[in-house]
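Undergrad: One line per chain: the protein sequences are A and B, in this order.
Just so we're aligned, residue 1 is where the first sequence starts under the numbering used here, counting upward by one.
Just so we're aligned, residue 562 is where the second sequence starts under the numbering used here, counting upward by one.
In short, the hints are calculated from the structure, not lab data.
Source: prediction; values computed, not measured.
Backbone N, C-alpha and C fix where the C-beta goes; we use that ideal spot for every residue, glycine too.
Keep in mind that a hint or two might mislead.
[Said to hold, decoys possible] Distance condition first, Cα-Cα at most 25 Å in a straight line; then the derived SDA-like pairs of lysine to any residue:
| no. | chain 1 | residue 1 | chain 2 | residue 2 |
| --- | --- | --- | --- | --- |
| 1 | B | Lys905 | A | Arg200 |
| 2 | B | Lys1122 | A | Arg226 |
| 3 | A | Lys212 | B | His1138 |
| 4 | B | Lys905 | A | Asp122 |
| 5 | B | Lys905 | A | Gly144 |
| 6 | B | Lys1003 | A | Arg200 |
| 7 | B | Lys905 | A | Lys163 |
| 8 | B | Lys1003 | A | Glu230 |
| 9 | A | Lys163 | B | His1000 |
| 10 | A | Lys215 | B | Lys905 |
| 11 | A | Lys215 | B | His1138 |
| 12 | A | Lys264 | B | His1138 |
| 13 | B | Lys905 | B | Ile1187 |
| 14 | A | Lys163 | A | Asp122 |
| 15 | B | Lys905 | A | Pro114 |
| 16 | A | Lys212 | B | Leu968 |
[Said to hold, decoys possible] Quick look at which bits of chain A chain B covers, simulated, 3 or more residues with Cβ under 8 Å:
| no. | segment |
| --- | --- |
| 17 | 117-124 |
| 18 | 183-195 |
| 19 | 335-347 |
| 20 | 399-409 |
Listed below are the residues making up each chain.
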Amino acid sequence: MTERIDGATVEVVRSYLLSAAEEMRTTLLRTAFNPVIYEVHDFGISIYDEHLELIAEAPGLTSFLGANDFSIVKTMEYVGAENVHRGDVVMVNLPYWSAAHAYDAMMFSPVYLPRAEDPESDGLLLGYVSVRAHWMDLGAKDPGYVLDSTDVHQEGVLFPGTKLWDRGEPVTAMHELIRFNSRMPDLVIGDLHAQVSCLRTGELRLREIIRKFGKDTVDAAVATIRDQSEARTREALLQLPQGTWTAEDWLDDDGITEDPILMKVTVTIANGEMVVDFAGSSPAVPGPVNMPFGATIALGKVVLKNLTSPNEPGDAGSSRPLTVLAEPGTLFHAVYPQPTFTLWTGIVALELIYKALAQGMPDRLAASSGGDVPGFMMVGDHPDTGEFFAISNNDVVGRGGSPDHDGLDATMHISESIVRNTPIEVLEARSGMRFEALEIRTDSGGAGKFRGGCGIRRDIRFFSPGEFLSVIKKTKTAPWSLDGGLEPEPNQVVVFPGTEREQVVSTKRTAVAPGDLIRIITAGGGGHGEPRQRDAEAVSRDVAEGYVSAEAARDVYGLEL
Amino acid sequence: MTARPYHLAVDIGGTFVDAMELDQRTGVVRFRKASTTPAAPWEGVLAAVEALGTDLAEAEVFIHGTTLGLNAVLERRGGATGIITNAGLRDIFLIGRGNLPDEQMYNFQYERPPSLVQRRHTAGVRGRLDHHGEVLEPLDEDDLRDVARQLVEEQGVISVAVCFLHSYLNPESEQRAAELLRSWYPELKVSVSTDVVREYREYERTSTTVLEAYIRPIFERYVDELERGLADRDFAGRFLIMRSGGGSMTSDAAKHSPTPTVLSGPAGGIVGGSYIAEVLGRDNLLTFDIGGTSLDACVIEQGTAVITHEAELEHYPLLMPTYDIRTIGAGGGSIATIERGLLKVGPRSAGAQPGPVCYGRGGTEPTVTDAAVVLGYVDPDSFLSGRMRLHDKEALTAVTEQIAGPLGLTPREAAAGIFDVMLAKTVGAVRQITVERGHDPKAFSLLAFGGAGPLVAPLLARELNVGEVIVPFAPSGFSAWGMLSADVVTDLSRTRMELLDEADLGDVAAELDELGRDAFRSLADQGVDESHMAVERQLELRYLGQEHTLTLSIHAGLDAKTIRDAFNEMHRVRYGHSMDNPIQILTSRVRGIGRTERPELPTSPAGDGNAARALVTTRRAFDFGIRAEADFAVFDRSKLEPGDRFRGPALVDEGTSTTVVHSGQQVMVEEHGYLLITPDSEGAFA
C-alpha cells in the first residue's frame, strides 16, 4: 500500500510535519493563560496517524516525551473510533489513562479530509492531533498543589474521554462543569481555549499537508522515517555495553507517613533493545506519589532518547525497541483509586534508571545530579491587596560530573532542563516572601576528578502570613557518584532555622508568619572519578572562584594552596 | 539639501565590508567591497572607504553597521567585567533562570560556554529596596568601598555592572553607588542597570547591563580608532552607528552605551525594507535576506518592522528593542548531505572559505549554490559579471556522486531535491513568524535581497502562496543601501505593572511625556535638530496572568475604554480570542526619532513595454512550475524598463545576482525598476 519514495521527498514531508507540531506549540504558548504552561512548559503536543501511532511531536517538558502516546490509545479504547467525528475535541485527565495527574488536561481531535462531493461529511480519517497542558485548578482537595491525597477522587474532577466540542459545536454543559469546579475558572477556561486553538491549528496543517503531498506519499514518508528512527535506535543500542544492571534508591516519603519508599529498577540492553523493569519497587503507597503507568513509560522513552538520539525528533519508530515493565498496583503502576497527584517520583526515578546503567557504562554517563527538582509554593492573602495568591518556583541543583568534564553548577534538573526559575522581583511583588540569599554553595558539588556542579542556598523571610509548600522528594539520601567520585550532601529544607521551632522537612505544607525564615538547600551533583586525580589547576581555579574551599582542596583533593 | 553632498554607508560582514556612497545631488549610488580585517576591524572599514574613493571632506554622514559587540561576546574578547549587586545575591547572573537552551533538552551532559563574568568578579553590598521601591535598608557605602577595592584593585576588574533588586522602581541607590564608584576609580567603566534598561526581572536586567559592561571597553577603542581614521581623511560630518531595533545612534552615544548595536547585523536590510514598504505602499511585507550561511526573515506591518523587546545574545537575555528576525540556517553556502538515506541541507555552511564546490576554492561538499548551477540558473561564465569563472563541472560531479547516486536520482532531480528540502525548512519558519502575528502568509509581499534572495524567493512564494515577490535593484547591496535611510533613534521604557482599571492614566500620560522629553534630550545631544524630531508612544499590555504582552501605539490622549477596546481587538487578531479579564499595563515605551533625509528612489518613465529589448539568450534550466527542464528566457536587468512584462520561465541577470522566475509566474517592472513577480493570469501559483 505504501509506495517507495526518495530521500529528498521524505525529508520535505518530515519538515512539514515537524513544523505543524511546532506551529501547534507556538499557538499554545502564545494563547495560554497560566504561567505553568508558558513559563514551565508543562505541556506536550503530538500528532498521530489514523492508527494512533506517533508521527511528530513538540514536547514542552523533557519527561512529557511521548506521554500522549499511551493516553490517546487508552482513551480511544474507551471512546471507540466510530464515535469520534470531525470537529470533536475529546478530553481525558483520568490519571491511569492520561499518563499524568488529574490537573494535566489532555485533549485531542481527529483530523478528517471531507469528501469533495460532500464537504459536510467526516470523510477520510487522516490522524489525530493532541495537546496536554497543566491546569491551575480542577477542584482537588487543596488549593495550589496536592501533597497528601489518599485516593484519586481528592485530586480533581475526572474526565474519561469526554467531548468538549461535538462536531464543531461547544458542549456548553461541560465547559460550565469545568468552570464551576475550578478555584481559578478564568485561567482554566482560558487555557482550555488555548488548547483548542492549538488543536485547530494542527488539524488545519495536517489536512493541508495531506492535500499537498497526497496521503500515499505522506504515509510512505512516515513509514520510512519510522523505520529509520527504529534502525538508528537499535544500532545505537548495539554500540552500548550490553548487559543487565539493577539499582535501588529511596524516595523520601509519600506525604502521609515519614517512611522512605524503595524504588528499584533493572535495565537490560541487549540485541538492539532496551528493557526497563521496575520489579522489586515498593507496592503502591497510600499517598499521592504513585506513578500512572503511562508516565512510567515516558521515563523509559526519555532515557532511550538521551542514549540514542538526543538531537532527533521522536516518532513511533524510535520507541519500538523499548519495553517498560511495572506490575499493576505498585509504585510505578498505579491502579484505581490509588492517588498519583504529586508526580515527583518520576523526577527521582529518572536518575534511578541512570544509576543502573552507570554500572555498565561509567565511562559514558554522568553521575547523579542533585537528584530532584526542589520546588516551593506560597499561598496566602496578598499583603497589599488582600487577594488570594498562589505562586511557585522550581530551584536549580548541581549536575553530575561527567567522564570528561565537570557537572554544571546551579542548573535545572534533567527532567525539566528548559524550565526557568521565577524571578525574585516577581516572587516578592506577588507574595509575602522576601529573599535574603540566593547563592551558590561552596563545596556543595560532589568531589571528583570531574566534580559535580554546585547546588544553591535560598533564604526566604516572610513578611506576611500564609502557607509555604515545599515540594521535594529526595532529601534523606545523597545523590550518587561514579567511579570513585564523592557523594554531595543531600537536598534539605529547614524551616525556622536557629529557632526552637527549627525542623528539617521534606514535602510539607507549613504555616508561616511575618518574620519567619525558611532555608532551602539544594544538592550538588555527584563526583566522577577520584578527587585526587583532579587537575590541580582546576582545583585552584575552583578555590579562587569560591566553588571549593581551601580546606576541601587540601583535605579532599590533596592540594595545599 | 545638505551642504556636503555624500552619504556613506559601510556594513561589516563576516567576509566582506560593503561600502555604499550616495550622492544626494543626483541620487546616484556606488558600491564597493573590501575584505574584513578581524584583528583590526577599523582597517577593513577604512580600506572599503578608500576603495570607493569618496572625498570624505564632502561627506555629510558616515553610517556604519558593525557586529563588533556581538563578536566580542561570541569570542569572549571583552575585558574583566564585574557585577555589584545586593548582599546575598552575587550569583544572580551565574544562576540566571537555571534553564538550558531548548535544543539541549535531552543532553544530560551539556557544557555551558564560559561565562562572561568570573564568580570572583561578583560581589554583593548591603542595602535593600522592597517591591514598591521603598528603602528597607540604605545602601551601605562602607561595604561598597570594600567591595570596590576588592574587585578593582585585587581582581583587576575594568568594567562593572551595577544592578540592585527592584531598582527599576527606584534607581537612587544604584545611581549613588555608581557615583561613588566613579569618584573612587575614574578609569573604571560603570554600567548602571537602570540607565541601560528600566524594566523588571533582575536576571534579565543584570544580563543586559553585563553585556553592556562587557562590550564597552572594546567598542570604545574601535570607535576611537575609526573616528581618528576618518578625521585623518578630513571627515567632519556625522558618524552614526546602526542599532539592532531600528535607526542609528551617534558614535559618541554608542561608545557610552553600545548594547543597542549588538544585533544590528541584519538591520540595514530591514530599515531599507520598511522604507520600500512605505514607498511602494505595501501594508504587509516580509523581508527575506539570503546570504551565504543563513536566511533572515522579518515581518513589516504598515511600514513598521516587528520588534521584540527581549532578545537573546548567546543565550543571555537582552532587554533591548530588537528587530524580530527569524534566522534559518539555509543560505547559498548551506551544505547538502545524505544521512541515513535522507537528504539534509544545512545548517552547516561552506561559508566564503572554502565556499561552494563551484567556486573552486577547495570546497568538496555540494551546496545550495552548486545545486543552482546544476539546475542551470547560474551561467558559469557570467557569474559576478564574469569576474569569477564558476567550476560547473565540479559542482555537477559533487551533486552526482554525493547526492544523486545515493538517492537513486538524476543529478538535476537531486539538485531540485536540495532546493525542495531547503524550501521545506524555510516555509515552516516563515509561516511561524507570520502566524505568530495572526496573519496568513498569503497577505504578504515578499522583498527578496542578499546574494541568493532572488534565486530562492520566487520558489518560496509558490510554496507559501504569497501573492507577490519584490526584487530591488542590486539585491546583494540592499542592506548597505537600507542603512542610508536610517533615522537617529532613542528608545526608553519603564516597567509599570498595574491594572488598567486602577491606573491613574494622568500619571501614565505624565510618564510618557517625561520619557518623551528624555528622548528628545538624547536626540538633541546627538545633534538632531528639533524640527526633525518625532516621538512614538506605546504601552505594553496583557491580560492579568499572561506572560506575553502586546504593544499598543498611543496616538491621542489616554482613555481606558479606548485602550481596552484596542487591546481586545489586537488580541483577537493575534490569538483568535479576547477575554473579559482585567488588563495590566506592563511597560510604557517611548521611541524618539530624529528624521534623516532619505535617499530618493528615482523613477524612470515607462518604456515601450516590450521586454525583448533586454532579452539576451535562452538557457535550459529546471522549471519548478512544471518540475522539468525548460527553456528560460534570459534578460539583462540593466536593459529592462518600467512597464515591461514577461512570463516565466525566465532568468533576470544583473551580475551580482540572478532572479529565477518559474512557469506560472509573471514579472512586471514597476516605476523604480523593481521587479514584481506574481502568479500569472491563470493563477497557477500553487
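Undergrad: Tell me the hint numbers this structure goes against, listed in increasing order.
TA: 1, 2, 3, 4, 5, 7, 8, 9, 11, 12, 15, 17, 19
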